[in-house]
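Chains as they are written, first to last, in the numbering used here: chain A, 3 to 148; chain B, 3 to 148.
Each hint should be verified, as a subset may be incorrect.
[Said to hold, decoys possible] Pairs of lysine-lysine, DSBU-like flavour, derived with a Cα cap of 35 Å:
no., chain 1, residue 1, chain 2, residue 2
1, B, Lys137, B, Lys107
2, A, Lys67, B, Lys107
3, B, Lys107, B, Lys67
4, B, Lys135, B, Lys48
5, B, Lys67, A, Lys13
6, B, Lys135, A, Lys135
7, B, Lys137, A, Lys135
8, B, Lys67, B, Lys48
9, A, Lys72, A, Lys48
10, A, Lys107, B, Lys137
11, B, Lys48, B, Lys13
12, A, Lys13, B, Lys48
13, A, Lys48, B, Lys67
14, B, Lys137, A, Lys137
15, A, Lys107, B, Lys72
16, A, Lys107, B, Lys13
17, B, Lys135, A, Lys137
18, B, Lys107, A, Lys107
19, B, Lys13, A, Lys137
20, A, Lys48, A, Lys67
21, A, Lys137, B, Lys67
22, A, Lys135, B, Lys13
23, B, Lys137, B, Lys72
24, A, Lys13, B, Lys107
25, A, Lys13, A, Lys67
26, B, Lys67, B, Lys137
27, A, Lys137, A, Lys67
28, B, Lys137, A, Lys13
29, B, Lys72, B, Lys135
30, A, Lys72, A, Lys107
31, A, Lys107, A, Lys67
32, A, Lys107, B, Lys67
33, A, Lys13, A, Lys72
34, B, Lys67, B, Lys13
35, A, Lys135, B, Lys67
36, A, Lys67, B, Lys137
37, B, Lys137, B, Lys13
38, A, Lys72, B, Lys107
In short, the hints are calculated from the structure, not lab data.
All values reported here derive from a predicted model rather than from experimental measurement.
Letter by letter, the chains look like this.
There are 2 protein chains.
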Amino acid sequence: MSDINHQVGIKATPEAIYELLTTNSGLSQWWTNDVSGAGSVGSIIKFRFNGGGPDFAVTQLTPNKSVIWKHVGNIPEAWMGTNISFQLRVEGDQTFVRFTHSNWKEQSNFMAHCSTKWAVFLLSLKEVLETDKGKPFPNDIHIDHS
Amino acid sequence: MSDINHQVGIKATPEAIYELLTTNSGLSQWWTNDVSGAGSVGSIIKFRFNGGGPDFAVTQLTPNKSVIWKHVGNIPEAWMGTNISFQLRVEGDQTFVRFTHSNWKEQSNFMAHCSTKWAVFLLSLKEVLETDKGKPFPNDIHIDHS
Numbered sequence: 003m004s005d006i007n008h009q010v011g012i013k014a015t016p017e018a019i020y021e022l023l024t025t026n027s028g029l030s031q032w033w034t035n036d037v038s039g040a041g042s043v044g045s046i047i048k049f050r051f052n053g054g055g056p057d058f059a060v061t062q063l064t065p066n067k068s069v070i071w072k073h074v075g076n077i078p079e080a081w082m083g084t085n086i087s088f089q090l091r092v093e094g095d096q097t098f099v100r101f102t103h104s105n106w107k108e109q110s111n112f113m114a115h116c117s118t119k120w121a122v123f124l125l126s127l128k129e130v131l132e133t134d135k136g137k138p139f140p141n142d143i144h145i146d147h148s
Numbered sequence: 003m004s005d006i007n008h009q010v011g012i013k014a015t016p017e018a019i020y021e022l023l024t025t026n027s028g029l030s031q032w033w034t035n036d037v038s039g040a041g042s043v044g045s046i047i048k049f050r051f052n053g054g055g056p057d058f059a060v061t062q063l064t065p066n067k068s069v070i071w072k073h074v075g076n077i078p079e080a081w082m083g084t085n086i087s088f089q090l091r092v093e094g095d096q097t098f099v100r101f102t103h104s105n106w107k108e109q110s111n112f113m114a115h116c117s118t119k120w121a122v123f124l125l126s127l128k129e130v131l132e133t134d135k136g137k138p139f140p141n142d143i144h145i146d147h148s
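Build out the structure end to end from the sequences listed, making use of the hints.
Dropping the structure here:
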């Protein structure tokens, strides 16, 4: 099994970041503009990109510290069985977001694409808080021409 | 052992990308502006960031297809024993760059930082070819405030 790991330091409080990771209005500012279902543990968040997209069950929430999701449903197929974790850590005047998309079956080209794309979206999350405007889908940075 | 994986699709020929991965003038357009030593297999490339930085030995070159480096020296310490690979693959009117920084001893916060930072630099590589201007250090996108 393999994991995607990322980390960004954001000049913002963990409270402000946690809000962007746990609410429809927050998530829609940096990943995709079409998000529904975000809520407490057990809720299923539906992220949509032109109609299709992944569903994640919220499995653990520690306010202002940790958010863990489990992929449910079957889109994308390679995400089945994977988990996503956001760990927040304050250091000085910034909060680090430590991101993991874990439990990939193989280090495929698609996994590599997703790794780069997660970096793009975490930079978008950082921009929401530091410049007041993120780049959620469909305004995300494109990393291929397919 | 763990790996960092990335992939970007670039509207450019594999020849143009290979040049940016194998020459001092090419590498200095997207990773750091201070590069010396790039050459054929066996050469040691010195990448410098405000004076310090990693040395990589060029271990395999397949023109316009593949570039493999082995970390030599001891900066950063966590990179000792790691390898970097760029595999080029043409599909339609783009060339995919499949990047791997492999053989990390642990999935540390520093590894996660480097993973995000590699995405930043691969986007810079893409920009050199698609907008004619990359963002090598010291003009790179910063992902923390340390």
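Hints, verified against the model:
The hinted pair formed by Lys137 (chain B) and Lys107 (chain B) meets the criterion: a straight-line CA distance of about 29 Å does not exceed 35 Å. Among the hinted pairs, Lys67 (chain A) with Lys107 (chain B) is consistent with the structure: their alpha-carbon atoms are about 26 Å apart, no more than 35 Å. A distance of roughly 28 Å separates the Cα atoms of Lys107 (chain B) and Lys67 (chain B); the hinted pair therefore holds under the 35 Å criterion. For the proposed pair Lys135 (chain B) and Lys48 (chain B), the alpha carbon gap of about 22 Å is at most 35 Å, so the pair holds.
For the suggested pair Lys67 (chain B) and Lys13 (chain A), the alpha carbons sit about 40 Å apart, so the restraint of at most 35 Å is broken. A threshold of 35 Å between alpha carbons decides the hint, and for Lys135 (chain B) with Lys135 (chain A) the separation of about 24 Å falls inside it, so the pair holds. In summary, the hint linking Lys137 (chain B) to Lys135 (chain A) is supported, as the alpha carbons are separated by about 21 Å, within the 35 Å threshold. Restraint check for Lys67 (chain B) and Lys48 (chain B): the C-alpha separation of about 22 Å stays at or below 35 Å, so the hint holds.
Taking the CA atoms of Lys72 (chain A) and Lys48 (chain A), the gap is about 12 Å. The hint holds against a cut of 35 Å. Proximity of Lys107 (chain A) to Lys137 (chain B) is assessed by CA-CA distance (about 34 Å); at most 35 Å being required, the pair is judged to hold. Proposed proximity of Lys48 (chain B) and Lys13 (chain B) is supported: the alpha carbons are some 28 Å apart, at most 35 Å. Proposed proximity of Lys13 (chain A) and Lys48 (chain B) is supported: the alpha carbons are some 32 Å apart, at most 35 Å.
Between the alpha carbons of Lys48 (chain A) and Lys67 (chain B) the distance comes to roughly 39 Å, so the proposed pair goes past 35 Å and is violated. As the CA atoms of Lys137 (chain B) and Lys137 (chain A) are separated by approximately 19 Å, the hinted pair is consistent with the 35 Å bound. Note on Lys107 (chain A) and Lys72 (chain B): the hinted pairing holds, with a Cα-Cα distance of about 26 Å set against a maximum of 35 Å. Between Lys107 (chain A) and Lys13 (chain B) the alpha-carbon distance is near 30 Å, which keeps this suggested pair within the 35 Å criterion.
Simply put, Lys135 (chain B) and Lys137 (chain A) have alpha-carbon atoms about 21 Å apart, close enough for the 35 Å limit, and the pair holds. Distance hint between Lys107 (chain B) and Lys107 (chain A) is fulfilled; the C-alpha atoms sit about 20 Å from each other, no more than 35 Å. At most 35 Å may separate the alpha-carbon atoms for a hinted pair to count; Lys13 (chain B) and Lys137 (chain A) meet this at roughly 22 Å. Restraint check for Lys48 (chain A) and Lys67 (chain A): satisfied, since their Cα atoms lie roughly 22 Å apart, inside the 35 Å limit.
Using a Cα cut-off of 35 Å, the hinted pair Lys137 (chain A) and Lys67 (chain B) holds, with the two alpha carbons roughly 33 Å apart. Annotation: proposed proximity of Lys135 (chain A) to Lys13 (chain B) holds, straight-line Cα distance about 28 Å (limit 35 Å). A C-alpha spacing of about 24 Å is found between Lys137 (chain B) and Lys72 (chain B), which places the hinted pair at or below 35 Å, so the restraint holds. Between Lys13 (chain A) and Lys107 (chain B), the direct Cα distance comes to roughly 30 Å. Compliance with the 35 Å bound is thereby established for this hinted pair.
For the proposed pair Lys13 (chain A) and Lys67 (chain A), the alpha carbon gap of about 16 Å is at most 35 Å, so the pair holds. In summary, the hint linking Lys67 (chain B) to Lys137 (chain B) is supported, as the alpha carbons are separated by about 24 Å, within the 35 Å threshold. With a C-alpha separation of about 24 Å, the suggested pairing of Lys137 (chain A) with Lys67 (chain A) holds against the 35 Å cut-off. As the CA atoms of Lys137 (chain B) and Lys13 (chain A) are separated by approximately 22 Å, the hinted pair is consistent with the 35 Å bound.
A distance of roughly 28 Å separates the Cα atoms of Lys72 (chain B) and Lys135 (chain B); the hinted pair therefore holds under the 35 Å criterion. Restraint check for Lys72 (chain A) and Lys107 (chain A): satisfied, since their Cα atoms lie roughly 15 Å apart, inside the 35 Å limit. A hinted pair counts as satisfied when its Cα atoms are at most 35 Å apart, and Lys107 (chain A) with Lys67 (chain A) qualifies at roughly 28 Å. With a C-alpha separation of about 26 Å, the suggested pairing of Lys107 (chain A) with Lys67 (chain B) holds against the 35 Å cut-off.
Between the alpha carbons of Lys13 (chain A) and Lys72 (chain A) the distance comes to roughly 28 Å, so the proposed pair stays at or under 35 Å and holds. Annotation: proposed proximity of Lys67 (chain B) to Lys13 (chain B) holds, straight-line Cα distance about 16 Å (limit 35 Å). Straight-line distance between C-alpha atoms of Lys135 (chain A) and Lys67 (chain B) comes to about 38 Å, which puts the hinted pair past the 35 Å bound. At roughly 33 Å between alpha-carbon atoms, Lys67 (chain A) and Lys137 (chain B) fall within 35 Å of each other, so this suggested pair holds.
As the CA atoms of Lys137 (chain B) and Lys13 (chain B) are separated by approximately 18 Å, the hinted pair is consistent with the 35 Å bound. With a C-alpha separation of about 26 Å, the suggested pairing of Lys72 (chain A) with Lys107 (chain B) holds against the 35 Å cut-off.
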